[in-house]
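K.L.:
Please put together the full structure from these sequences, using the hints given.
Taking our numbering, the leading residue of the sequence shown gets 14, the next gets one more, and so forth.
Simulated restraints on C-beta separations: (1) D86 with Y39: 32 to 40 Å; (2) Y39 with I95: 13 to 21 Å; (3) S81 with A41: 34 to 42 Å.
Hints in this document: simulated from the structure, not taken from any laboratory.
All C-beta atoms in this analysis are idealised placements derived from N, C-alpha and C, irrespective of residue type, glycine included.
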Amino acid sequence: MGAEKYVEIIMNDELSMIAAEQTIVYEAARIERLYKFHDGAMMRYEWQDSSIVGDRFNHRFSLVEPPSPNPNDLQRGVVRIIDHPASGR
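P.N.:
Okay, here's the thing in structure tokens:
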């Protein structure tokens, strides 16, 4: 199973699957949170108002730390980007 499983857990708000959540940034046009999972994996979730911020994405999920052990050889980096046009949500 790939890193997408962590994205789905966050998006579906499956709290029992998340060991810890920490808000790093909470501003009107930007939110950043770190999610730690019971297997040691850590994901960064970023939201921004793409009509205000220069980097063009609304939602970005990145694997910060792979699980341990890591049988699927998951790599750090961006897992999913969800874009929405500046005119809508």
